[in-house]
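Starting from the given sequences, assemble the full structure and let the hints guide the process.
Protein sequence lines, in the order shown, are assigned to chains A and B. Oh and the first sequence: position 171 is 171 in our numbering, straight run, nothing missing. Oh and the second sequence: position 352 is 1352 in our numbering, straight run, nothing missing.
Don't take every hint at face value.
[Said to hold, decoys possible] Simulated DEER-style distance windows between Cβ atoms:
#1 B:1208 / A:122: 54 to 60 Å
#2 A:199 / B:1021: 42 to 48 Å
#3 A:75 / B:1295: 35 to 41 Å
#4 A:177 / B:1169: 45 to 51 Å
#5 B:1349 / A:96: 41 to 47 Å
#6 A:199 / B:1367: 49 to 55 Å
[Said to hold, decoys possible] Taking lysine to aspartate or glutamate and the DMTMM-like style, the derived pairs with C-alpha atoms no more than 20 Å apart in a straight line are:
#7 B:1341 / A:151
#8 B:1247 / A:199
#9 B:1037 / B:1198
#10 B:1341 / A:157
#11 B:1037 / A:271
#12 A:159 / B:1073
#13 A:159 / B:1340
#14 B:1247 / A:80
[Said to hold, decoys possible] Partial list, derived from the structure: chain B residues whose beta carbon lies under 8 Å from chain A:
#15 1068
#16 1079
#17 1234
For the record, the hints were derived by calculation from the structure and aren't laboratory data. Because the structure is a prediction, the values reported are computed rather than measured. Just so you know, even glycine gets a beta-carbon here, dropped at the ideal spot from N, CA and C.
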Amino acid sequence: MSAITHLQFLESEAIYILRETAAQFQKPALLFSGGKDSIVMAWLARKAFYPSKLPFPLLHVDTGHNFPEAMEYRDWFVQEIGANLTVGLVQKSIDDGRVQEEKGHNASRNKLQTVTLLDTIEEHQYDACLGGGRRDEEKARAKERFFSHRDEFGQWDPKNQRPELWNIFNGRKHFGEHFRVFPLSNWTEMDIWQYIRQENIPLPSLYFSHQRKIIERHGQLLDASTGIIPLLDEEKPKVKEMTIRFRTVGDATCTGAVESTASTIDEIVAEVAAARQTERGTRADDKRSETAMEDRKKEGYF
Amino acid sequence: MDLLVNPTESSLLRFTTAGSVDDGKSTLIGRLLYDSKSIFEDQLLAVEESSKRRGDAHVNLALLTDGLRAEREQGITIDVAYRYFATPKRKFIIADTPGHIQYTRNMVTGASTADLAIILIDARLGVIEQTMRHTYLASLLRIGHIVLAVNKMDLVNFDQAVYDKIVGDFQAFAKGLDNLPQVTPIPMSALNGDNVVDKSASTPWYTGPSLLQHLETVQVHSETAADEARFAVQWVIRPISDRKDAKLGNLHDYRGFAGRMASGTFRMGDEVLVYPSAMKSKITGIHTYEGPQPEAIPQLSYSITVADEIDTSRGGMIVKANEPAQTSQEFDAMICWFSDKKILKPRGRFHLRHTTNDVRAIVTDVLYKVNISTLEKTVESKEFHLNDIGCIRIRCASPIFFDPYSKNRTTGSFVLVDEQTNNTVAAGMIQRSVGGDDFEDPGSAI
Ligand SMILES: Nc1nc2c(ncn2[C@@H]2O[C@H](COP(=O)(O)OP(=O)(O)OP(=O)(O)O)[C@@H](O)[C@H]2O)c(=O)[nH]1
Ligand SMILES: [Mg+2]
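This is how it looks when you write it as structure tokens:
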């Protein structure tokens, strides 16, 4: 691969996958969280079908625990790329009695998202969901195919994945089954940042250094300014004003911040290059057990 | 962490590991990532903790890639893991594949997109059947470069005689292969890192490069601009709008064929054939989101417009008028059979997926199977069981447009899909058409 750069290769591969998804499925949707990976994926989708509009909607599984900046960005971005947006509300799954809210001060809606996602897929009859997952994020993801088959219960069977050879992607399925498709499988966190820089993609302000009230809990820096995370009485005096940014943006209750003064893309690229921790190292949901991600994926998680 | 590579000039190398179970493939990848400082602290901490919990004598670097619960419990690799790292010289995509014979399909999956294969051998055991099987598969898939990693040299006192014998045995076997890849042997200890990133003091008799030095500099062949131009149509872009686009003008009549250049180059005005009809036309537009482009180059994605109202859509293909593809309904192909539940035999029916095509197909004959240890063709049985390799004749419900696999990895490859389960049950490499043109593939796999 001499003539083209690695970013050109990754971009073209992702566009190829996005087009395969549109062509092989009846009703795909693109999972859009407002995080940088789903932003890059939607950006690539606009390129893939240009000059047409996106042939599928963006789907946001909304935990209700959002940073306001992320929601503002979401609505601006959807407009900017001319896409349609569908929202699945975790709050609705709770109100309908489909799931029960976790208790305690470490409660997270991260796990509940799976039910909302599967319910939304069923309600709209989506047969493929495009996800921004990357194989470098986590050791179970490193094993997953571009076209990841899910049975009618939404479950992943890691020991029985379809062989995926050359550039041939097999999206054949029985009624009721569906697929998760990951166009960014081969991208690393650094690739994402270098691409954002190359393309000049606007991002939610959360990714850049800012001042925020923070509470440190189990070695994690959590948001204490929005009130989304309930504080224990003994924690209240420990809240500190810090200079931080977020490396991933997801559900506010399990997204940890990092201390950082990086306020431009160039500074972030330099910071990512020097980082000693994975970006998921800031996420509480992966720390619950050694195979937490695999277990969640088997149940139908992203 | 991911070292800063210059995004405008870095090249990418994709490689895979292969070899028998427990030869040290995953450990080697772990060592390569570790010694090239591509492991994060929290990843290392997690591996150290699990190693301790499991009572391993040392930090088990294989746990960096063996990520599934079942793999960690059994200490083996089951499915291919993809890992990424970069040095200032190059970006790498690694496929770490299982050595266990039961999971050969996952090895083939990892190898199908690789430019180079590292074949490991346990220095105590030498060349064994699984070494031969994987070498054969690598050559069948036309991986042009092999690193022969003679591993666990620490267990044979870094003895040069042991190393020389294994290299000799391997080369004797490899001579029998038709597409002889370039072989670079390296003595190693994946466990201790000898000759992985840095040259080892324990092998003063070895004068070649370390593994990483070799990976950073090896030149691999991939699709070039000089090859015949091949562009399979994935999707037709029809905005159905009277909008005026800033870069492309009025979209009312816009009809672009979306796809990726598999090989070769198109320029504006090139005379082309458009399959399935093979009608002649001319290229009138090569578009990306960035606007009109002067040419389409290998591996990049485009939307292409042609001069005439030609009927094509997904499954069609655009080629240069003076470089037609082969068109045939029936052809011979080498296949690897992947199913442990089903058997392939004459009259078997499948969905055949080739480029962006999906057609019904029937196996008209089994020509021979290959005995992996002797490389001989056998005709005793016409049935393929799990992991069998051989040559079949297959007929499609409608013609496909292809090249022999020896000429083009994209237009020469296909998979077979089981009609009941929809599982991918075979990988196929086309050799020659039957009945159609009298083309003979000179470098057929055997
Ligand atoms: N002494 C020694 N042991 C090694 C070396 N390389 C690997 N091992 C050990 O060999 C065993 C198997 O290593 P793995 O890396 O899991 O082997 P593998 O080839 O990936 O096995 P599969 O993926 O299951 O085919 C482990 O206990 C390793 O610690 C080496 O160079 N020297
Ligand atoms: Mg292994």
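Hint check:
no. : hint                       : verdict
1   : B:1208 / A:122: 54 to 60 Å : holds (58 Å)
2   : A:199 / B:1021: 42 to 48 Å : holds (44 Å)
3   : A:75 / B:1295: 35 to 41 Å  : holds (39 Å)
4   : A:177 / B:1169: 45 to 51 Å : holds (47 Å)
5   : B:1349 / A:96: 41 to 47 Å  : holds (45 Å)
6   : A:199 / B:1367: 49 to 55 Å : holds (50 Å)
7   : B:1341 / A:151             : holds (19 Å)
8   : B:1247 / A:199             : holds (17 Å)
9   : B:1037 / B:1198            : holds (13 Å)
10  : B:1341 / A:157             : holds (17 Å)
11  : B:1037 / A:271             : holds (16 Å)
12  : A:159 / B:1073             : holds (13 Å)
13  : A:159 / B:1340             : holds (14 Å)
14  : B:1247 / A:80              : holds (17 Å)
15  : 1068                       : holds (5 Å)
16  : 1079                       : holds (5 Å)
17  : 1234                       : holds (4 Å)
Violation of the numbered hints given earlier is absent; every hint is satisfied by the structure.
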